[in-house]
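Visitor: Sequence:
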Amino acid sequence: MSASFSIRPYLLLLPGLLPILAFMSLVIGMALSQSVGYFNFSGDSGFSLRFWHTVLSEQQLWRAFWYSARIALFSSLLSVALAYPVALWLRRPFAGSDLVSALIKAPILVHGLVAAFLYVNFISFQGFLNAALVHLGLVARPIRMQNDPYAIGVVILQVWKNMPFAFLILTGPVRAIGDDILDAARDLGAGAFARLRRVILPLTLRSLQAALILIFIGAAGDYSFQSVAGPTSLNSLAQYMVRIQQDNAGHGWNEAAVIAVMLMGLSLFGSAALAALIQFLLRRTGR
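My numbering applies: residue 905 is where the sequence shown begins, and numbers increase by one.
Calculated from the structure, these hints are not laboratory results. Do not take every clue at face value.
Listed next, the in silico SDA-like pairs over lysine to any residue satisfying Cα-Cα at most 20 Å (straight line) [unchecked claim]: (1) K1009 / I1060; (2) K1009 / M1049; (3) K1009 / P997.
Using the sequences provided together with the hints, build the complete structure.
Guide: Here it is, written out as structure tokens:
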């Protein structure tokens, strides 16, 4: 009786879990199969590693790979770094806290592609920002800020879009920390920074890791922000995958599948590295 009772919650998860696992297995299996020569929609199908050899020998692939990794890393770290103190500030309700919280979440309602076009219009050569700088006499002529080579605009858009998402993930665990725990730490002589480092951070570690990982995965596979506001001389992995598929009529799908597998690998190992980094920092700070 006790065994059946313990299994019952897992059985209730099956209707929702099985479709997710099925679709994930289908997508991953299809990408892996195409990357080694199967399911070639425009030629003969058969096992071959030549697509991996061809793609991995391209210098543009590695530029796109490290570019996507850099954008994903900076975007996730900055988003969480901005969301965490705001979540701590709004931990206790005060007059106007609901309005502040609603304004922080507002970017979630704006589609990423719309946000990218709005940002480009704002910083364009004849946009509002340049017009204001010239009118105020801060610059003599408009500055070219659109599609900057350092991808600052892409990072700004990623942080603007993902910071509210990180805030939603962190708000619940931060508010769940009882005042009695913090009061006990204060009575034992812990200052504000010590309470943050030894009490709040360890209790919110899981949610912080979840926010970092989810934002990293989304930013690593970004296409819309990069295509609208990104540098013209660099491609993200998603852009490079689409370009390879369109340019190679004979085996474009197979080479694009190789890039898709690499993108999944970047998301997997990048997420694991971020989780390990948070654990390491907590141990170093003397939890």
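Visitor: So, for every hint listed, does it hold in this structure?
Guide: Hint by hint, here is what the structure shows:
1. K1009 / I1060: Distance of about 16 Å is within 20 Å: holds.
2. K1009 / M1049: violated (27 Å)
3. K1009 / P997: holds (16 Å)
Going through the hint list in order, the structure does not satisfy hint 2, though it satisfies all others.
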